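Engineer: Sequence:
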Amino acid sequence: MRNYLSGLKYHPETCTQICQKMSAEVRDRICRKNYDRYKVVIVMSIVQKLGQDVHIGFGKLWDVQKDTYSTHVIETPEFAAMGLVVGTYYE
Numbered sequence: 001m002r003n004y005l006s007g008l009k010y011h012p013e014t015c016t017q018i019c020q021k022m023s024a025e026v027r028d029r030i031c032r033k034n035y036d037r038y039k040v041v042i043v044m045s046i047v048q049k050l051g052q053d054v055h056i057g058f059g060k061l062w063d064v065q066k067d068t069y070s071t072h073v074i075e076t077p078e079f080a081a082m083g084l085v086v087g088t089y090y091e
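Numbering (my numbering), first residue to last: 1 to 91.
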């Protein structure tokens, strides 16, 4: 994420394109690992802060022994960028 976000100034269209590129890159990296029994969901978001704090949460209903997720957050004075990858096991 840092490669895409270094020196970035918040602009809605630019941030949308960056989120799409980051999601595609993460998806491609995960697909190369051949997790054949997992469905993967990737959510990337960049929000303008405007001097506020940002809190984003997500709820889940899953098998705690097989399903998993990972998050990554980068904050600057201008924006907050969040990445979420969810892997749900299926048979």
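It should be emphasised that the hints constitute simulated quantities derived from the structure, not laboratory data. In this text the structure is predicted, and so the values were computed from the model without any measurement. Keep in mind that the hints are not guaranteed to be accurate.
In silico lysine-lysine, DSS-like type, Cα no more than 27 Å apart, as pairs [as the list claims (entries may be wrong)]:
1) 39 <-> 66
2) 33 <-> 66
3) 9 <-> 33
4) 33 <-> 60
5) 49 <-> 9
6) 21 <-> 33
7) 21 <-> 39
8) 39 <-> 60
9) 66 <-> 49
10) 9 <-> 21
Label pairs and their calculated CB-CB ranges [unchecked claim]:
11) 54 <-> 17: 37 to 47 Å
12) 5 <-> 52: 37 to 47 Å
13) 7 <-> 67: 33 to 43 Å
14) 68 <-> 24: 37 to 47 Å
15) 69 <-> 47: 13 to 23 Å
Don't be surprised by glycine CBs; every beta carbon is placed ideally from N, CA and C.
Engineer: Each of the hints needs a verdict: does it hold here or not?
Structural biologist: We went through each hint and held it up to the structure:
1. 39 <-> 66: Holds, at roughly 12 Å.
2. 33 <-> 66: Judged against 27 Å, a Cα distance of about 17 Å means the pair holds.
3. 9 <-> 33: 33 Å, violated
4. 33 <-> 60: Answer holds: residue 33 to residue 60 is near 24 Å, not above 27 Å.
5. 49 <-> 9: Holds - the C-alpha atoms of residue 9 and residue 49 are around 12 Å apart, at most 27 Å.
6. 21 <-> 33: It holds: about 19 Å lies between the C-alpha atoms, which stays within 27 Å.
7. 21 <-> 39: Distance of about 20 Å is within 27 Å: holds.
8. 39 <-> 60: 14 Å, holds
9. 66 <-> 49: 35 Å, violated
10. 9 <-> 21: Judged against 27 Å, a Cα distance of about 17 Å means the pair holds.
11. 54 <-> 17: 37 to 47 Å: 21 Å, violated
12. 5 <-> 52: 37 to 47 Å: 19 Å, violated
13. 7 <-> 67: 33 to 43 Å: 36 Å, holds
14. 68 <-> 24: 37 to 47 Å: Distance hint for residue 68, residue 24 is violated at roughly 21 Å.
15. 69 <-> 47: 13 to 23 Å: 20 Å, holds
When each numbered hint is compared with the structure, violations occur for hints 3, 9, 11, 12 and 14.
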